[in-house]
Amino acid sequence: MLTEEFKKKDLLDLGGKKKKANVNHILVRDYVKEIDIGAFQSEYGVKQRVSFNVILEVDTDNYPMHDNVDLVLSYDNIIEIIEDEISQKRVALLETLAEYIALSCLCLDSAVTVTVRLEKLDRGMGKLGVQITRTKFQSNQATTNMKTQRGNLVI
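In case it helps, numbering that gives the first Met the number 0 puts the sequence shown at residues 0 to 154.
It should be emphasised that the hints constitute simulated quantities derived from the structure, not laboratory data. Heads up, none of these hints are tricks.
Simulated pairs of lysine-lysine, DSSO-like, Cα-Cα distance not exceeding 30 Å:
| id | residue 1 | residue 2 |
| --- | --- | --- |
| 1 | K46 | K32 |
| 2 | K88 | K126 |
| 3 | K88 | K135 |
| 4 | K32 | K88 |
| 5 | K119 | K88 |
| 6 | K135 | K119 |
| 7 | K46 | K88 |
| 8 | K135 | K32 |
| 9 | K119 | K32 |
| 10 | K46 | K119 |
| 11 | K126 | K32 |
| 12 | K126 | K46 |
DEER-style ranges, computed between Cβ atoms:
| id | residue 1 | residue 2 | range |
| --- | --- | --- | --- |
| 13 | D29 | T95 | 20 to 30 Å |
| 14 | T59 | R28 | 15 to 25 Å |
| 15 | R48 | I131 | 14 to 24 Å |
| 16 | V45 | I131 | 19 to 29 Å |
| 17 | G125 | M64 | 39 to 49 Å |
| 18 | E33 | E79 | 15 to 25 Å |
C-beta atoms are modelled at their ideal positions from N, C-alpha and C, and glycine is treated no differently.
Given these sequences and hints, build the entire structure.
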């Protein structure tokens, strides 16, 4: 099962890439919200439980080590992005919502790469979902294009 593989996978091994020396990973796992999403007529107006999993890779070379939560990216930043994106206009596809979350995460200072996994928990026999990985370099053009469509992106 895909979910079991995800749980067993080394969360710091993003796609088998060689680990960098000065990188942190900020994790939000199994953050569940009821949202109105879906492409099928039967899904319109019906809230579904969706599980949000985000791994944000952060470059630590740009700031000194300290113990002040106000000076670092944290899981609170990711949760705020999730909450902001689900409060926007309804989207039909998990892929679209995952892309919006990824692009918003990459607008954060020091963010390098983000992996977003969204799963519908109440549709079908198991969990149905999507997982995407985006890097700042990959998403520059997409971020520029999305800026006019979503009010929460700040570049």
